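Asks: These are the residues of each chain, in order.
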Amino acid sequence: MAFRIAVGLWLTLVVILSLSLPMVARPEHWYDLPIVPGLEEKARILFFHVPTAWLSVVGFLLSLVYGVRYLRRRDPEDDLKSATSAGIGFLFCVLATVTGAIWARFSWGTWWNWDPRQTSIFVLLLIYGAYFALRSAIEVEEKRGTLAAVYAIIAGVTMPFFMFIMPRVLSSLHPEPILNTQGKIQMNATMLILFLSSLAGFTGLAYWMWRLNVRMEVLLHRHHGQSGA
Amino acid sequence: MEFLAQHSLYVVLMIALVVWAGIYGYLVRVEGKIKKLEDQLHQ
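Here the protein sequences line up with chains A and B, keeping their order.
The first sequence begins at 1 in my numbering and counts up one residue at a time.
The second sequence begins at 1 in my numbering and counts up one residue at a time.
Chain A with its partners taken away, still in its complex shape (with noise of 0.2 Å):
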């Protein structure tokens, strides 16, 4: 209860700065936002589509995690808290996905482009979509909780060459790289609090997320197991 409250009042504030604070190009006061040359006020995304993406991370590296706790220990609950996950991860990586969109659509002048970044983050959609496709495919529980174990453990894997190493070697118009020759959004005191309570946030948002959808997917499991089905 109070942690639902908490991450209520926390993200309800994020989401108000985030959106309010002036940017000006000389922070004077403690509630200014420094300009990001070549972005302006576009740069705002950065408080919901970097956490989004950063959880897609989260989700499919617990996933991951997951997955090899049910091969080790053939724990039912570890097989639907790894489904969790990776629901959660794909959820968020949707969401990074269409903010990127929006932003690209506004600094790129187009919604989609297949720069680098967008083709890697589609093609990782596209593995963790496979991942439900098999997971639906199959009835049989246990066959079902170690091939989904198995295909989570190789999707994370490969997740941080699609999420970190395929958009650094091939260049992109993603801001990072093309900012500045340090390649950083450089923020001010105010502007990184904002960010990292933004990331604190979205992390509580999502942990409440998850815990809701495995109580749920264990409530189901154990009404098929009193069922018969």
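Rather than coming from a laboratory, the hints here were simulated on the basis of the structure.
Note that the structure is predicted; figures quoted are calculated from it, not measured.
A couple of the hints might just be wrong.
What the hints assert, rightly or not - Covered stretches of chain B, going by a simulated chain A footprint (3 or more residues, C-beta under 8 Å):
hint, segment
1, 7 to 17
2, 20 to 28
3, 31 to 43
By construction, the Cβ of each residue, glycine as well, lies at the ideal position given by its N, Cα and C atoms.
Please arrange chain B on chain A, whose structure you already have, making use of the hints.
Replies: Below, chain B alone, put in the same frame as chain A:
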């Protein structure tokens, strides 16, 4: 209307807050339903 046209960021802020309120309300509702089912199962 002119104020909103000149300060489109506030329009984005309002839309973001409405979307967030919707997501939050939905999650609270789902949690309530799950709790109810868990209680029924444990009785």
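Asks: Take the hints in turn and mark each one as holding or not.
Replies: Evaluation of the provided hints:
Coverage of the segment 7 to 17 of chain B by chain A holds in this model, with 6 residues showing a Cβ closer than 8 Å to a Cβ of that chain against a need of three. Counting residues of the segment 20 to 28 of chain B whose C-beta lies closer than 8 Å to any C-beta of chain A gives 4; at least three are required, and the coverage claim holds. Counting residues of the segment 31 to 43 of chain B whose C-beta sits closer than 8 Å to any C-beta of chain A gives 5, which meets the bar of three, so the coverage hint holds.
Going through the hint list in order, the structure satisfies each hint without exception.
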